[in-house]
Amino acid sequence: MSTTATLDQGVAPPGGRVVSFRRRLRAGDEVAYLITLIAAGTIFLITALVFYEVFSQSALSRHKFGWSFLITSVWDPVAGTFGALPFIYGTVVTSILGLLVAVPEGIGSAIFLSEMAPPRLSNACTFLIELLAAVPSVIYGLLGIFILVPILERHVVPPLKSAFGWLPIFQGPFYGVSLFSAGIVLSIMIVPFIVSVSREVLLAVPRDQREASLALGASQWQTTWRVVVPNASSGIVGSIFLALARALGETMAVTMVIGNTPQIKASLLAPGDSIASVIANQFTEATGDLYLSALIELGLVLFGVTFVLNGLARILIIATSRKGAHS
Amino acid sequence: MATPQQQQILREPVIAPPEGAEVQKSHAEPKLHTKDLDFFYGNFQALHDISIRIAENKITAFIGPSGCGKSTFLRTMNRMNEALRNTRVQGEVLLDSQDLLSMDVNDVRRRVGMVFQKSNPFPKTIFENVAYGLRVNGIHRRAVIEDAVTKSLNRAALWNEVKDKLHKPASALSGGQQQRLCIARALAVNPEVLLLDEPCSALDPIATSKIEELLFEIKDTTTIVIVTHNMQQAARVADYTGFFLLGRLIEFDNTKTIFQNPSKKETEDYVTGRFG
Numbered sequence: 002m003s004t005t006a007t008l009d010q011g012v013a014p015p016g017g018r019v020v021s022f023r024r025r026l027r028a029g030d031e032v033a034y035l036i037t038l039i040a041a042g043t044i045f046l047i048t049a050l051v052f053y054e055v056f057s058q059s060a061l062s063r064h065k066f067g068w069s070f071l072i073t074s075v076w077d078p079v080a081g082t083f084g085a086l087p088f089i090y091g092t093v094v095t096s097i098l099g100l101l102v103a104v105p106e107g108i109g110s111a112i113f114l115s116e117m118a119p120p121r122l123s124n125a126c127t128f129l130i131e132l133l134a135a136v137p138s139v140i141y142g143l144l145g146i147f148i149l150v151p152i153l154e155r156h157v158v159p160p161l162k163s164a165f166g167w168l169p170i171f172q173g174p175f176y177g178v179s180l181f182s183a184g185i186v187l188s189i190m191i192v193p194f195i196v197s198v199s200r201e202v203l204l205a206v207p208r209d210q211r212e213a214s215l216a217l218g219a220s221q222w223q224t225t226w227r228v229v230v231p232n233a234s235s236g237i238v239g240s241i242f243l244a245l246a247r248a249l250g251e252t253m254a255v256t257m258v259i260g261n262t263p264q265i266k267a268s269l270l271a272p273g274d275s276i277a278s279v280i281a282n283q284f285t286e287a288t289g290d291l292y293l294s295a296l297i298e299l300g301l302v303l304f305g306v307t308f309v310l311n312g313l314a315r316i317l318i319i320a321t322s323r324k325g326a327h328s
Numbered sequence: 204m205a206t207p208q209q210q211q212i213l214r215e216p217v218i219a220p221p222e223g224a225e226v227q228k229s230h231a232e233p234k235l236h237t238k239d240l241d242f243f244y245g246n247f248q249a250l251h252d253i254s255i256r257i258a259e260n261k262i263t264a265f266i267g268p269s270g271c272g273k274s275t276f277l278r279t280m281n282r283m284n285e286a287l288r289n290t291r292v293q294g295e296v297l298l299d300s301q302d303l304l305s306m307d308v309n310d311v312r313r314r315v316g317m318v319f320q321k322s323n324p325f326p327k328t329i330f331e332n333v334a335y336g337l338r339v340n341g342i343h344r345r346a347v348i349e350d351a352v353t354k355s356l357n358r359a360a361l362w363n364e365v366k367d368k369l370h371k372p373a374s375a376l377s378g379g380q381q382q383r384l385c386i387a388r389a390l391a392v393n394p395e396v397l398l399l400d401e402p403c404s405a406l407d408p409i410a411t412s413k414i415e416e417l418l419f420e421i422k423d424t425t426t427i428v429i430v431t432h433n434m435q436q437a438a439r440v441a442d443y444t445g446f447f448l449l450g451r452l453i454e455f456d457n458t459k460t461i462f463q464n465p466s467k468k469e470t471e472d473y474v475t476g477r478f479g
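Protein chains in written order, with this note's numbering: chain A, 2 to 328; chain B, 204 to 479.
These aren't lab readings, by the way, just hints derived from the structure by calculation.
The model shown is predicted, which means the values in this text are computed figures rather than measured ones.
Any given hint might turn out to be false.
Taking CB as the label site, the calculated pair distances span [what the hints assert, rightly or not]: (1) B:Ser-412 - A:Thr-37: 24 to 30 angstroms; (2) A:Arg-27 - B:Thr-475: 47 to 53 angstroms; (3) B:Arg-288 - A:Ala-281: 37 to 43 angstroms.
Here are the simulated SDA-like pairs of lysine to any residue, each with C-alpha atoms no more than 20 angstroms apart in a straight line [said to hold, decoys possible]: (4) B:Lys-321 - A:Ile-319; (5) B:Lys-327 - A:Ile-319; (6) B:Lys-327 - A:Arg-247; (7) B:Lys-413 - B:Glu-401.
Quick partial rundown of chain A residues pointing at chain B, CB under 8 angstroms, derived from the structure [claimed, not checked]: (8) Glu-31; (9) Ser-69; (10) Gln-210; (11) Arg-211; (12) Leu-215; (13) Leu-217; (14) Gly-218; (15) Ser-220.
Glycine included, every Cβ here is placed at the ideal spot set by N, Cα and C.
Work the whole structure out from these sequences, hints included.
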């Protein structure tokens, strides 16, 4: 006896239970709708609340400095003069440097793990990589100070300077703590996100796409590069955004290796500071309403920086993918 | 300079010699020839002792119930099974009397094209789908590619339907059009053999008949091997038909003989619908 028939006739059938179950299911639809709506709404609400709080709490600083807060470089709590530019610079430079290193590394290893490695090796490596994502950032900071910085000092920076010393970004002395070190530490921290998400989306590319390419005489690598990766590109891009967000907001590890010096130097080897790092360092010692308000305004600026960088990255991707469609 | 492979892709399709001469030739020297072919998925033996001679520029069909190994056998002929892990092949496969299993695999697959059960166009434009095989074989001259794309779409009887939207995504086409696009894509590299793995199983009768018509069109220049669930289809299109059962080639003969006067009881049971 089919359920639809009984419903159509509108009679209480021997299968009355079926009808009531359907009704409960329909009620379930409503419940599920409500629950998921609340879940989604909460996220929107939290974002709005954070923004509102940061905006209203920074009123004092915003009124005093106006837009010049964004473009002045003096950060002098004693004199009560605050400018955010060195922190914005440090945040943007370290994040971009981190991405420049992490994106090729991450996508490369994701391709190896999903396309070339034997499954057992791939799974073992992926487990380790996901473990890396769970390491607390303070540990990365310590590793940065005690291991990475000495390595950079001895083995990386000298050859870089001798090869590219004529570039302004590699000039000046290297004391260990620097934008460069912070960028490298960030790149190590964000690689796991890129690898694990990208590997998943690469593995999810249907087998028939690979076979279609192989059947035309394409090599394994041509298939990977021209079919599998483009198929997975939106997921890979997603992983990069996730990594960028993490890099922009990273506090502890960055503060331990960046040098905490609010200055803008063309050289990556010079110490600097980042928005998240200065907030963490100075929040407890912020005396006076203006100082506190300026730090909170930095939080607002970080919102803006994240927004702008994400937007730029999106535009870049749209632009390049359009070009790709024609070539 | 074009490599020999590229020259082969760009050559004009050779029209077959007159009927009599051709039959003689195909008897003497089959296009594809397997000898005692066994195939294993892990420990499971999927094919037993398959020996078959596939004639040049004819349509050969394989029929049989699901899981009988006909698709697996088809996929040994362009070594597509090598893309699967933990598989093993024993025996000989000859393409033009040369050992196919020891040739360069990419070369094999260029010479022996394949169309799959589910149409699988790339998420690219119609034009780029057809051009893909040329590009991966190192052919980049715009004029050459455009010419080949036009020809292939024509041969796949799709040109009139897509000529105004070559740069639209392939996903905008209907199911039958997508499958013909996949055929055009396979034809673009000028394969000597075209393997089709149940190409019409997801298509309606009209789309199916279009594909069957185009098979007749291209068989002058291409050896066609088609796996099908649909016995009427085999009867309609194939010159020769093979019946597979449980990993064995039970019978292989002229299509007419297979359907009207099979010599094995299993074949008769299957084609008369008493089994499978």
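Regarding Arg-288 (chain B) and Ala-281 (chain A), is the given constraint of 37 to 43 angstroms on their beta-carbon distance met? Violated, at about 49 angstroms.
Measuring from the C-beta of Gly-218 (chain A) to each C-beta in chain B, is the shortest one below 8 angstroms? Because about 3 angstroms separates Gly-218 (chain A) from the closest Cβ in chain B, which is inside the 8 angstroms limit, the hint holds.
Does the structure keep Lys-321 (chain B) and Ile-319 (chain A) at a Cα separation of 20 angstroms or less? Violated - the C-alpha atoms of Ile-319 (chain A) and Lys-321 (chain B) are around 30 angstroms apart, more than 20 angstroms.
Under 8 angstroms, Cβ to Cβ, is where Gln-210 (chain A) needs to be relative to chain B, so tell me if that hint holds or is violated. This hint holds: Gln-210 (chain A) lies near chain B, its Cβ roughly 6 angstroms from the closest one there, short of 8 angstroms.
Interface hint compliance - Leu-217 (chain A) to chain B, C-beta minimum distance less than 8 angstroms: holds, 4 angstroms
Hey, does the Glu-31 (chain A) contact hint survive, CB to chain B under 8 angstroms? violated, 35 angstroms
For the restraint on Ser-220 (chain A), tell me whether the closest CB of chain B is nearer than 8 angstroms. holds, 6 angstroms
Below or equal to 20 angstroms on CA atoms is what counts here, so check Lys-327 (chain B) against Arg-247 (chain A). violated, 32 angstroms
Are Ser-69 (chain A) and chain B close enough, Cβ to Cβ, to be under 8 angstroms, as the hint says? violated, 48 angstroms
A closest beta-carbon separation below 8 angstroms is what the hint needs, so does Arg-211 (chain A) meet it against chain B? holds, 7 angstroms
Less than 8 angstroms between beta-carbons is the criterion; does Leu-215 (chain A) satisfy it with respect to chain B? holds, 6 angstroms
Going straight from one Cα to the other, do Lys-413 (chain B) and Glu-401 (chain B) come out at no more than 20 angstroms? Roughly 15 angstroms separates the two Cα atoms, so the pair holds.
Of the numbered hints stated above, those contradicted by the structure are hints 1, 3, 4, 6, 8 and 9, listed in ascending order.
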